[in-house]
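Visitor: Spelled out from the first residue to the last, the chains are:
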Amino acid sequence: MRLPARPEERIDRAHVVRFLFEGKPIEGFAGETLGSALFASGRRIFSRSFKYHRPRGLLCCTGSCPNCLMTVDGEPNVRVCVEPVREGARVQAQNVLGTLDRDLLAVVDRIGGPFTPVGFYYRTMIRPRRLWPYYERVLRRLAGLGKLERHGGRSRRFDVEHRRVDVLVVGGGRAGIDAARAAAAAGTAVLLVDERRLPTGVGDGVDVLAPARALGVYEGGLVPVDAGGVLYRVRARRIVVATGALEQPLLFPGNDLVGVVLPELVRRFVDEWSLRPGERAVVVAADDPGLAVVRQLERAQVRVERVVDLRSTTPRTLSAAGKAGKLRSVTIDGQETACDLLVMSGGRQPAYSLLAQAGARVEYDSKRGIFVPVQLPPNVEAVGSVTGEAGPGAIPPAAFAGGGSKSRCFVCVCEDVTEKDVRRAVAEGFDSLELGKRYTTVTMGPCQGRLCHLSSIRLFARENETDETAIGTTTARPPWAPVSLGLLAGRGHEPVKRTSIHHRHEELGATMMWTGAWKRPHSYGDAAAEARHVHEAVGLIDVSTLGKLIVEGPDAAAFLELLYSNRFADLKVGRIRYGVLGSDAGRIMDDGTIGRLGDDRFYVTTTSTGADTVSEWFEWWNAVWGMDVEIVNVTGALAAINVAGPRSRELLGRLTDADVSNEGISYLDAKAARVAGIPCLVLRIGFVGELGYELHFASPYGEYLWDTLLERGADLAIRPFGLEPQRILRLEKQHIIVGQDTDSESNVLEAGMSWIAKLDKDDFVGKWALEHVSERGFREQLVGFEMENGVVPAEGGQIVVEGRSAGRVTSARLSPYLGRAIGMAWVRPPLAEEDLQIQIRVDGRLEAARVRLKPFFDPEGERLRA
Amino acid sequence: MSFLLACPHCGLRDVNEFASAGEVTERPRTSPSVHELSSYVYFRRNTAGVQREWWYHRFGCEAWFLAERDTRTNEVLTTELPRPQPRQGSAAPQEAAAPDVPEV
Chain S
522 MRLPARPEER IDRAHVVRFL FEGKPIEGFA GETLGSALFA SGRRIFSRSF KYHRPRGLLC
582 CTGSCPNCLM TVDGEPNVRV CVEPVREGAR VQAQNVLGTL DRDLLAVVDR IGGPFTPVGF
642 YYRTMIRPRR LWPYYERVLR RLAGLGKLER HGGRSRRFDV EHRRVDVLVV GGGRAGIDAA
702 RAAAAAGTAV LLVDERRLPT GVGDGVDVLA PARALGVYEG GLVPVDAGGV LYRVRARRIV
762 VATGALEQPL LFPGNDLVGV VLPELVRRFV DEWSLRPGER AVVVAADDPG LAVVRQLERA
822 QVRVERVVDL RSTTPRTLSA AGKAGKLRSV TIDGQETACD LLVMSGGRQP AYSLLAQAGA
882 RVEYDSKRGI FVPVQLPPNV EAVGSVTGEA GPGAIPPAAF AGGGSKSRCF VCVCEDVTEK
942 DVRRAVAEGF DSLELGKRYT TVTMGPCQGR LCHLSSIRLF ARENETDETA IGTTTARPPW
1002 APVSLGLLAG RGHEPVKRTS IHHRHEELGA TMMWTGAWKR PHSYGDAAAE ARHVHEAVGL
1062 IDVSTLGKLI VEGPDAAAFL ELLYSNRFAD LKVGRIRYGV LGSDAGRIMD DGTIGRLGDD
1122 RFYVTTTSTG ADTVSEWFEW WNAVWGMDVE IVNVTGALAA INVAGPRSRE LLGRLTDADV
1182 SNEGISYLDA KAARVAGIPC LVLRIGFVGE LGYELHFASP YGEYLWDTLL ERGADLAIRP
1242 FGLEPQRILR LEKQHIIVGQ DTDSESNVLE AGMSWIAKLD KDDFVGKWAL EHVSERGFRE
1302 QLVGFEMENG VVPAEGGQIV VEGRSAGRVT SARLSPYLGR AIGMAWVRPP LAEEDLQIQI
1362 RVDGRLEAAR VRLKPFFDPE GERLRA
Chain W
143 MSFLLACPHC GLRDVNEFAS AGEVTERPRT SPSVHELSSY VYFRRNTAGV QREWWYHRFG
203 CEAWFLAERD TRTNEVLTTE LPRPQPRQGS AAPQEAAAPD VPEV
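Protein chains in written order, with this note's numbering: chain S, 522 to 1387; chain W, 143 to 246.
By construction, these hints were calculated from the structure, which means they are not laboratory data.
Remember, it's a predicted structure, so these values are computed and weren't measured experimentally.
Glycine included, every Cβ here is placed at the ideal spot set by N, Cα and C.
Do not take every clue at face value.
Said to hold, decoys possible - Now the stretches of chain W that chain S is said to cover, found in silico as 3 or more residues with beta-carbon under 8 Å: (1) 157-163; (2) 171-185; (3) 192-204.
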């Protein structure tokens, strides 16, 4: 099998590499591929075809065709013809039942053919519909490629790297290397990318990335390059495409038999791996590179039985015959020649895909019978055979007649599409290439048209009785080379924001949950008890996630007056107001509190997930209006703890010299004070409905202040509470959560906060839309409700009145303190009436509820102000 | 999208660093009719060609700026910081009083 050693060969015979194929040990030499080693071990059938399970062997040996797809170390669809041998690799066949040589599914080829014509899956198995899941299971078993390991996703790590170069050369053939060297000699930074390992010392100053594959050309000169575990995002000022040309097969009956190959296979076999590709060969070629393999064949002592130069003679008929899928003979114009190797060459089609993606036009050259790139965009160059410079070959017929051969003539080996399928598709009316492609799936398989694009265009031209120019090409799109989804997805990591008190929550056994990018405590084990505790004693919650902005400058008050619907010009220094941010469409975007720290200085809090949006929103309006305001986002710089409950004043009093009496810090006061020695901004706010103080302070003191509060409040039975108890508490007060109780259609008027919309102001963002809402009348209203029998409806649950849908639930909880199931809902305006009975669908049943327009707890806010 | 955009502060950067806020719109000056309001809120010219747009350097200097971009080719012709049009009646800049800043 192996030829005598030659100095030029690429294998290292002293270095034996062992791997397993279907569990059996195989030996190869360093420098060759899994495919060549398997061939040397006697293997001829490398895969079973997609649809018919026909035996297939090495065909292109360039990593283009699907014939050698195998599963290597659990990774499906590896092209073993180009995959270097590696010690201990586990190689397995795929898409077979049994073995490659005896695939039980090959029955599809024998009996299925007549039942599986082109596009059968669009027309059959439609009725009865209930049988489809069964059909689908069978089809998925029968047809396809490799199988993904269900849990293999995280077994490999993928990364992204960014590279910037002056010149990127794609393709390390002769022309590519020349271009790279020339650019490097001119002193520019050059990166050369090639699919195969390149010999060392390609050129001085040339940076080489190989083996690696350029996946496409995107705008801005972006070329993603797949280098195995790393996706390089290469930005190049100039892109030189030297992707060469693709050897084209010939179409004739029996052209998919094992032993029918393209010329490059012979060159790699003989020149690089010193392997004999067969015993007796026939060569049918339309160009010089195809005919030139006769030299290699002779050197490998393959008997060349017959050579047909299509430039001088075009046979009327050409067919191949075989046994058990392997080539036995070739019949040309009725003359049969026994052989086990048929080298075919239908000319070389420029691999123009990257150029076309970059914006080049592609034109048919009727003299040479190939599509060539023309009108290259600026900064993109083509060198070598991708330009179509290859010498003139003959234009082979779209397909050779078989002269009575019963074998099938394949145009697409990836998807098992035959010449007959294309003929039928055109006859059925799919006469345009783009439609026919989708119907027959020709060019849509793993080779992405490398071997079948040109052939299918010729067939479409013949069937439509027109020429290739009129048929044109399909659109070239990325990816140009196969790429694993893991590489595109990148490394599996999810950034998380943690407050400076985060570890304390974990130590206290909190269940953490996601809120936007933050991780926050859901509860510390007993949400109901935590909620009740805030009413009865004192609780504390980490609210560092609140967005915090400082708005400062001479125009600060005027700026906030324009952004919020209520007034801020008249807000006294040291006082706080609740505000709702709306858009000019009147929609509620965010809410929070605004405290005036000085004449020109305001402290704005936002929702936990809204900080960045609000900050961008403020900056944008400031850019539009150019007011004299500075906005500083201090969300990460400051931590915040809310201490709430009837005993919170006593606790605070122990930790500060400031006057914490109801006169000293009144409801909605913002005061600077030292708490436990830490400079704090104390905001007396009542989101949870009890007397409470939000302490805002520098983040690094987070754990210290948290610990101190717990320590000094121990005898007051202080207890931390999580987000879930906070949600119960705020619902008792009917305080909304933006995004939970509101959506992208909600406005403050319909949300029951008309008092906040000062429509008599000159202007504010959203004013006109709110005016329009009050003129046209409400379409729905946000109300509270209380269940009559204590069941808690699901969020999103349907409100039903007189058998008709009348709204939806936005929040619902069981209040442990009140002992009632309460919630909020959007309802039709006539239903927004205190004590009105409505019904809510819960688990399919209708449950009675009553509308409540006032807070369930402390409706007059006496507890808040006390 | 993978084109490059020149931030007026930071220079040429990958478009993924930026957020686009779409074409520049004119906010009505006085109380608009419902028709004018909905045109302003909902309707865009959606130009096939060069249009002025708002961009925000979200993963950079966090500046808002204006760009002229050809929507057919994604070619960015110019970028510039906005020259603000002060609102009518907005307070004129004046000397800032010493702010009463708590130690936060």
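Visitor: For every hint, state whether the structure bears it out.
Guide: Hints versus structure:
no.: 1; hint: 157-163; result: holds (count 3)
no.: 2; hint: 171-185; result: holds (count 7)
no.: 3; hint: 192-204; result: holds (count 4)
Hint compliance for this structure: every hint is met.
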